[in-house]
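**Q** Sequence:
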Amino acid sequence: MAWMPRNVVLYSVGLLGASFGLALKNSGFKGSITGLSSLENLNTALGMGCIDKGYSYDSLEECLTDADLLVLCSPIQSIIDTLANLRNIKLPQNLLISDIGSTKRLIVDEAIKLPDHVHFIGGHPMAGSEKSGPSSADPYLFQNAIYVLTPPTGEINQKEKDFAAFLEKYLGCTTLFLTPSIHDRIAATVSHIPHLLAVALVNLAGQTEQSTPDTFTLAAGGFRDMTRIASSSYPMWHDILTTNKSAINPLFDSLLEILLDMKEKLQNDDLKSCFQTASQTRARIPNTNKGFIRPLSEILVLAKDQPGFIASITSLLANQNINIKDIEVLKVREGEGGTIRLAFETQSIANEAVSVLSANGFYARERM
199 MAWMPRNVVL
209 YSVGLLGASF
219 GLALKNSGFK
229 GSITGLSSLE
239 NLNTALGMGC
249 IDKGYSYDSL
259 EECLTDADLL
269 VLCSPIQSII
279 DTLANLRNIK
289 LPQNLLISDI
299 GSTKRLIVDE
309 AIKLPDHVHF
319 IGGHPMAGSE
329 KSGPSSADPY
339 LFQNAIYVLT
349 PPTGEINQKE
359 KDFAAFLEKY
369 LGCTTLFLTP
379 SIHDRIAATV
389 SHIPHLLAVA
399 LVNLAGQTEQ
409 STPDTFTLAA
419 GGFRDMTRIA
429 SSSYPMWHDI
439 LTTNKSAINP
449 LFDSLLEILL
459 DMKEKLQNDD
469 LKSCFQTASQ
479 TRARIPNTNK
489 GFIRPLSEIL
499 VLAKDQPGFI
509 ASITSLLANQ
519 NINIKDIEVL
529 KVREGEGGTI
539 RLAFETQSIA
549 NEAVSVLSAN
559 GFYARERM
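Using my numbering, the letters of the sequence shown correspond one by one to residues 199 to 566.
These are computed hints drawn from the structure, not numbers from a lab. Take these hints with a grain of salt, some might be off.
Dumping the calculated PhoX-like pairs for lysine-lysine here, alpha-carbon to alpha-carbon at most 20 Å [unchecked claim]:
| no. | residue 1 | residue 2 |
| --- | --- | --- |
| 1 | K367 | K228 |
| 2 | K223 | K367 |
| 3 | K288 | K311 |
Please read these numbers as outputs of a predicted model, since none were measured by experiment.
With the hints as constraints, model all of the structure from the sequences given.
**A** Structure follows, in structure tokens:
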């Protein structure tokens, strides 16, 4: 018989923990969902129906008495510390423990110290939001997202396959098995290095602005879009970067080699091959899955040159509870109008915005 949890415990009921619980509820999960968190988060999560019961963090051992599944939904260092503390707690037979941390090797290294009768498998859902806290919980947050699972040994047993099936059934995600080290190397390549590069580019622009005014004026548009991730929270990224140094540092060296090679090719007017390789490589990247970096989904609205036009658009969308994440006037000529770019958190929200605007006489389309 396939493994299926009856009693789920969520350690930390923030955005991801609350969304995990809400997704289970909305998908017909019949078992019990217990949350451990701060009093404020518990009250919010209980009120929204994300969990059935709520307890403080120091009640972990009590909550695990009959638990089948424990999901650690706290920040990375807290996950590592909690795994260490679990070694001092009497854990039930056949308990499966997982986590949602965005780096895996150090978490798994701590998890393998748990008693033999406890099963651990690392997890990292490619899902999230610029919002935070259980009040922003979304039952569809994991829908169509890739959910990476990292067995400690790299070998996949039946219980891990059953856990993957459980996630796909109730969260609507697609699971992908990787080793912890491969996960962290990929994360460093497509998420951690790009974040650091975005920070460097913004700081470079800041230095240039000091000696060359109007740098920021011209940085609007493409530069601002490509460096959006530089605004991420440092406390969160501190945990991510410090727990993945071993994967990031070699890639830093590779990046520096590539940049130096491009610098030399620039001097010799020989950059064509770099652009061709990049174009061909980028074409192989799928655009249908949620990855490590969550892009905004954009639409374009044909604008009229008249007072209150932008206000009419934003008010219309606000009345439909559609939240605009970014807005930019791209082209406007006096007496002729122009184009306005609106950005939204997901493609489905962007599609809804196009429908609402079109139904009310505005010309709106997806930005390709």
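**Q** Work down the list of hints and note, for each, if the structure agrees.
**A** Tested hints:
no. : hint        : result
1   : K367 / K228 : holds (13 Å)
2   : K223 / K367 : holds (12 Å)
3   : K288 / K311 : holds (14 Å)
Against the hints set out earlier in the document, no violation occurs for any number.
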